[in-house]
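These are the residues of each chain, in order.
2 protein chains.
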Amino acid sequence: MLLQRLSLCRLVTCILSVSLARANGNSYAHRGELRQAKRIVVKLGSAVVTRGDECGLALGRLASVVEQVAMLQNQGREMMIVTSGAVAFGKQRLRHEILLSQSVRQALHSGQNQLKDMSVPVLEARACAAAGQSGLMALYEAMFTQYSTCTAQVLVTNLDFHDDQKRQNLNSTLQELLRMNIVPIINTNDAVVPPPEPNSDLQGVNVISIKDNDSLAARLAVEMKADLLIALSDVEGLYDSPPGSDDAKLIDIFYPGDQQSITYGTKSRVGLGGMEAKVKAALWALQGGTSVVIANGTHPKVTGHVITDIVEGKKVGTFFSEVKPAGPTVEQQTEMARNSGRTLAALHPDQRGAIICHLADLLVEKKEEILAANKTDMDLAANAGQLSSALLNRLSLSPAKLNSLAIGLRQIALASQDSVGRVLRRTRVAHNLELEQITVPIGVLLVIFEARPDCLPQVSALAIASGNALLAKGGKEAANTNRVLHELTQEALDIHGVKEAVQLVSTREEVEDLCRLDKMIDLIIPRGSSALVRNIQRAAKSIPVLGHSEGICHIYVDSEAAIDKVIKIVRDSKCDYPAACNAMETLLVHRDILRTTLFDQIIDMLRTERVKIHAGPRFASYLTFSPSEVKSLRTEYGDLECCIEVVDSMQEAIDHIHRYGSSHTDVIVTENEDTAEQFLQQLDSACVFWNASSRFADGYRFGLGAEVGISTARIHARGPVGLEGLLTTKWVLRGDGHTAADFSEHGTLKYLHENLPVTQPHSN
Amino acid sequence: MLLQRLSLCRLVTCILSVSLARANGNSYAHRGELRQAKRIVVKLGSAVVTRGDECGLALGRLASVVEQVAMLQNQGREMMIVTSGAVAFGKQRLRHEILLSQSVRQALHSGQNQLKDMSVPVLEARACAAAGQSGLMALYEAMFTQYSTCTAQVLVTNLDFHDDQKRQNLNSTLQELLRMNIVPIINTNDAVVPPPEPNSDLQGVNVISIKDNDSLAARLAVEMKADLLIALSDVEGLYDSPPGSDDAKLIDIFYPGDQQSITYGTKSRVGLGGMEAKVKAALWALQGGTSVVIANGTHPKVTGHVITDIVEGKKVGTFFSEVKPAGPTVEQQTEMARNSGRTLAALHPDQRGAIICHLADLLVEKKEEILAANKTDMDLAANAGQLSSALLNRLSLSPAKLNSLAIGLRQIALASQDSVGRVLRRTRVAHNLELEQITVPIGVLLVIFEARPDCLPQVSALAIASGNALLAKGGKEAANTNRVLHELTQEALDIHGVKEAVQLVSTREEVEDLCRLDKMIDLIIPRGSSALVRNIQRAAKSIPVLGHSEGICHIYVDSEAAIDKVIKIVRDSKCDYPAACNAMETLLVHRDILRTTLFDQIIDMLRTERVKIHAGPRFASYLTFSPSEVKSLRTEYGDLECCIEVVDSMQEAIDHIHRYGSSHTDVIVTENEDTAEQFLQQLDSACVFWNASSRFADGYRFGLGAEVGISTARIHARGPVGLEGLLTTKWVLRGDGHTAADFSEHGTLKYLHENLPVTQPHSN
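Chains as they are written, first to last, in the UniProt record's numbering: chain V, 1 to 764; chain W, 1 to 764.
So here's chain V without its partners, still in its complex pose (with noise of 0.2 Å):
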C-alpha cells in the first residue's frame, strides 16, 4: 500500500518534473555543463549539520538544504544527501536528560542550593549519535513533507563497500529509492564504527573520525554514477597554500594533475577529515566519472543558495574537473596583465605613444582579417536572429569604421606623452628634502562593454595611454571579432616587450564573478546600456565602479529667457539622441511664461517632434485636460518622452533638480546674468550649463580628447572624463638622509614648505 501510493507520487511528480539529459558517465569539463547533472549526491558535513551559534544548531542551514534538495528533485533530478552530525543533536538531547537526571535526585537529597554546581559530563560520540539519529530524522522528515518529498532513511557504514554483497544489495535499494522519487538520506551507522580518536572537539563531545563520511560519500556517489558530487563543509573549498597564510588563494577548478601545486595546512579544527582527506576522495569520485564540488555550507549569506547556485554552473567552491582548459584562468590573466603593466608605466611616453600608433596602423593594415572575422560574427547573429537591427549596427565594422577608429587612436597617442609621471606639486620641504607628487597609473582595469567591438581598439589605446593594465571583457556576439582586434593590440603591445598588459577576458566569464576580484582589480568601467552599470555597481562590492547608472537631466525656463534659445536648446537637448544619458527628461517652466506665447511654441515644437509629454503634479493642477500626470519625477525616459513641471523661482528649480534630479547635467536658459550666475553657483551637479544644450556634456565635446566616461559619483573624476580619470598619483620624497626626529622640538631643522615650480608646465 505504501509502495503503490509511492510509485503515485512518482508518477505524478514525474508529470510536473522537466525531462534532464543523462551524462555521458565522464565528469564534466565545465562549470556551465553541471547545469545538466541528474543525479546528484549532496555531502554535509558536521560543520554544516551541526555546528551552531551559542544557541545550538543550525537549523536555519539545514532548512535551506532540504529547500534546496527538494527544489532540485522537483525538477527531475534525483538527489541523495549524505548527512554528518547526528552526534551534536544526541548530545543536546542526552545533556538534556542528564541535568533532568541529576536536578531530581539533587533536589530530593539536598534541596535546591548545589543545583548551580552540577556539570555536564564528557558524552561519548557514539552514544550521542544513536541518541540522535531519530530526531535528526524526524527533522529532515518534517521539512521535507512541507515539500511533498518522501525521504529514507539509510545507514552504512565504510565497510559495507568492500562486501560485494552488501554493495550489490545497497545499490538496488537506492535505485528503488531514486525511482520512487524519495530522496534517500544516508548516515553512518555511527553506533558500530571503532570508538573515537582523543581528540576533543564540540565541547565535551569526542569525535567521530568524519573522514569516514568524505569517502563515504564519493564511495557511493561513483557506486550510484551520480553525477554530481556536492561535499559542503565549513571551508570555501581548495586553496593553494594552508589558509590564513600569506598568499593563500582559493583555486576555482583543481585538476588531479595539480596537486602538486597544493600545499596542505595542518588539518582542520576538527581535527579528522582535514582537506587533504577531502581530496582524496574528490579526486577517488572523479576517476570514478562523477564531477565534484567543494564549497563553503555554513557561510551564513549564501547558504541559502550554495547547492544550487553550484548546479548552475556559478563559482562557488572548488571545481574537482579532469579536462585542463587550454588558455589561463582569469586569475592567472590578471597577474599577467598586472606585471606587464607595471613595465607598460615605466616606458616612455614616446613608447607608449608608438604602440598606440601601432595598433592604429594595423587597424587599417589588417582590415580584411578584422572585417572577415566581424562578417563571421554578423553572420552568427543574423542566423541566431536574436539581435534587433540596433545590435547589429553596433555589431558591424566597416572600412569608414576603421578608419575613423584609428585616427581616434592617434588623437589619445597624441594624448599620452602628457599623462603619466607628470609633476604636479613640488616642495623644498627642507635643504635637500624635495617632495614631488606624479601622476601615476590606477593598476589593473577591467573594462566590461557590450556588442560594440570598437570599443576594444578604443579602450585599450586608454589604458596604454595611461599606463594601466587592462582587463577587457566584450559581448559574446562580437568573440570573434574581439579575438582578431586582441590580437592586433598584442601584436602591438609587443614592440615594447608588454604582450600582456591587455587580456581578453574569455565570454565564459560571469561579470558577477569578475567583480568579485578586489586586491586584483582596481577600477571596473562599464561601457553600455544603465542597466549594464547598475549590475555592475551592485555586484562590485570593493571595487570602484567609474561610471553613473542615471542621468535625469533638467532643463529650467526662466522667465527671463529669450524665446529662440528655449526652443533651440530644449529640442536639442530632448531630440538630438533621446537615448543619451545626457539627454534633457525633466522641463521644468518658470510659472510666468505658462500662458504666454513662448510655453504655446515649446509645446508646439514637443508635438512637432512627437515627443509624449507627461505633466508633473503641478503643471497637472493647472490644466483642464492634461496629459497623463508622471508616476515619478526621477524617471528617466531615454526615449521621445519628457515631463514638464511648474515652478515659481529659479531657486524652487534648484530644490526640483536637488531633490529629483541625479547630479548629471541640468541647464538654465536666461538671459538674467545674475539669475544663471546664481544657479550656475548655487546647483550641486556633475555639469551645470547656462543657455547651452545639456548634449555638451560630453568628453569629446568638452575638449577632453578621449572620453573614458561620465561619472556622476561625488569622489574621483565627476562628469565627462578624459584620461585623467585613468590617473592617480604618488608622492616621491628625495632626501639625505633626513629624518622626523631631526625637525623635532630638539632637533636641528625647521621645515621650509616652499612651493617649488612644476618643470613640465601644465599641458593645459
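FYI, nobody ran anything at the bench for these hints, they're computed from the structure. This one's a predicted model, so the numbers in the text were calculated from it and none came from an experiment. Please note that the accuracy of each hint is not assured.
You can't tell identical chains apart in this list, so a pair holds if it fits in one copy or across any two.
[To be verified] Simulated pairs of lysine to aspartate or glutamate, EDC-like, Cα-Cα distance not exceeding 20 Å: (1) 541 with 322; (2) 249 with 648; (3) 541 with 513; (4) 541 with 518; (5) 612 with 677; (6) 541 with 491; (7) 519 with 636.
Chain V is already provided as a structure; the job is to place chain W on it using the hints.
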C-alpha cells in the same frame, strides 16, 4: 507526570538563564531599552510563513525564527509566537491529495494518457487551513525540539477577546505555559472564521483575512502585558509616503502624534492587512504599554537575525514609541546639514575663513567652559576606571592644547581662501561657449573619531574650509567636552547663518547604522585606530571611505647604502613613534650587506632601542640561532617589533613590497642615484622615499597645511590628504543658445577647444 517534568525543565533553565528586569508597564522610549524586554510576542505574517520561491514554503525563514526565539527563550525571556499561514501548508497537502486521487481515478478509467490535463481546483482557504494546521505544528515542534524547547498550540479567534470569561481563560492558560518555559504558538482558528473575501492570492487559494492576525497579536500582547511585540511581514516598516513613490522614507521611530504626517498607499498585494491596519494594531498595543517594532521578516540577508537584532536595539524596521525625544533624528540632522552646507558652500571664502577664525577665538575665550566639561568627562572616565592612561591622556584638554588648537585652526582658515571655487581648467569650446572646471565641496561628510575631543574643532574647521557639511560622531567618553565644543562651533557658524552645517551625532547612534545612510552621506572619514577604520570600511558598503586600515611600510637597505644614513633612517622609521601607520614594519636588506659591519650596526642599534626582531624565511635560513620566524610577512606590528628579510637585489625588494606591502610608504636607502630612481619609479606605493625616514609621510610634514588623513586607495586622494581631498569638481558651461546639432556634420559651427588661462593663479 508531564507537568512535573516540564516544571523541572523550567527549573533548570532558570538556573542557566540571565535574570532580566521587568519593564515598568510603560512602553520603552528608546530602542536601546528593548534589550530589557522580558516578555516578547513575535508575530509572523503570512508572507513570512508561506511566501516561498517557486519551490514552495520558506522553510529557512521559519527555521531562523525558531532559532532566534529559542535563543531568546534560553536567555530567560518569555517568548510567544503568533503565526499565520497554515493555509499554504494545507494547500500543498490538499493539492497533492487531489492530484493523487484524480490520478488513481484516471488510471483506473482511461489509462495514463490524460494525466497531463489534470488541473487542480481552487481550494477553499479554511479547508486548507485545517489541513495545514497539523503539518505546521509538527514542523514547529520538530524544530523547537532541537533546542529542547517545548511548544504548545493555542488556537484563538478575535472574538475570544471580546468574551471576558474566554479572555481570562486564555490568559491563565498562557501564563501557565510561560511559567513552565513553554513557547505558546498562537494561531487563529481559521476553520471557524467567516468565509474569505473574493480577492484571490497565493495562486489558487482564496485569502483569509490576515488583518485579524495583526490585531490578534496586539490584543494578545496587551492582554499578556508583553514588553515587546515584533510584527514581521514583507515590508521594511512604515514609510512616510507610499513605498515606491518619490521620496518615500522608512520611518525609524514612529510617534503616535506623527500619524497625520503619514500617507498610506493602496493596500498591499495580499489585499488585506495593509499598513494602515498594522499601524492601528501597533498603536493599540503601544497604548496598552507594549512596545512595537514592525519589520521585514522575509529579506533573505537579514532574516537570520532580524528578531535578535531588534531585541539588541539595532535600527531595524519601525519602532513605535510614545516618548518623543527632544532632538532631531540623525536623518533630520543630515538633511539640515546638507541644506545649511549648501549655503556654506555659497559663501565668500573670506566668510568661511572668518567663521573658522571666530571658532579659534572662542576656543581661547571660552576655555574655562571647555575645560570644565572636559573635567567632567575625565572624572567619569577615571571613576569608571576602564580607560588606559594613554586614552585618558588623549581625552584630556589643557589651556596649552586649546591654544595650539586655535593656532592650527587659523592656519586652516588661511588655507581655505583657495579651496572652493578654484578654476582648474578653462576651455573655449566655441565662440561664446566657454567651459570651466571648478572645485566644489563633496557634500556631506561623516567623520567618526574616538576619545580625542580636539578632533571636533579640527574636523569642523576642515569641513568649513572646504564648504562641506559635517556630521561628527565622537566617542562616548568625550560626550560633555564634545557638546561644548560643538556649541561653540555652531556659535561661530551662526555669524554667517549656517549654524546647522556642522551636526554632532548622538553617541547613541551605532556606527554601523550611520554607515548605511547612503544617498545622504557622500564621504566617511574615520579618524582613529586601524580597527575602527577596518570596521567602518566593512560597514560602509556604498559610501566611499577615505583612509587606510594598514600601514605595512618597508625600508630597503641597498648594497650601496651609506652606513650613517641607514642607522638614522631605520631608527627614526621604527622608533620615533612605533604605533604610527607610517612606522617601518619590515626591513629589507640586500644580501651583500648581510655579513658586513653595517649589518651588525643595524642589529646593535635595534637591540639598543629594544626592538624585537622577527626573521623572514630567507633571513632565518642564513642564521644558526635565528630570532623567531615571522608568522606572516604582512604583519603590522605597531610596536617596537619588526621583521628583517633578505633580498638579492633592488628588483627583488620591489617584488617583495608589491607582494606583501600595503602601498602606504616605502623607502630605499642607497647612494646610487640610478638604483634610487629605478626604485622610485617602479614602486607602486602612495609614498616612495629615497634616503628619508618613512615618518615623513604626513600631511603636515608634506606642507599640505591641514591633514585630512592618509589614503591608500587608488582613486580620489592618495597618500597624505590635505583640504583638496574634501573637494570635487563641477563643470560650468556658459553659452548663447548653443546646441549639439550646431556642431553636427550639417551644422554651422566647429569646435575650437582652445585652452584659456585660468584667472586665479594656482596657489601652490
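**Asked** Looking back at the hints listed earlier, which ones does the structure fail to meet?
**Response** Violated hints (numbers, rising): 1, 2, 5, 6; every other hint is consistent with the structure.
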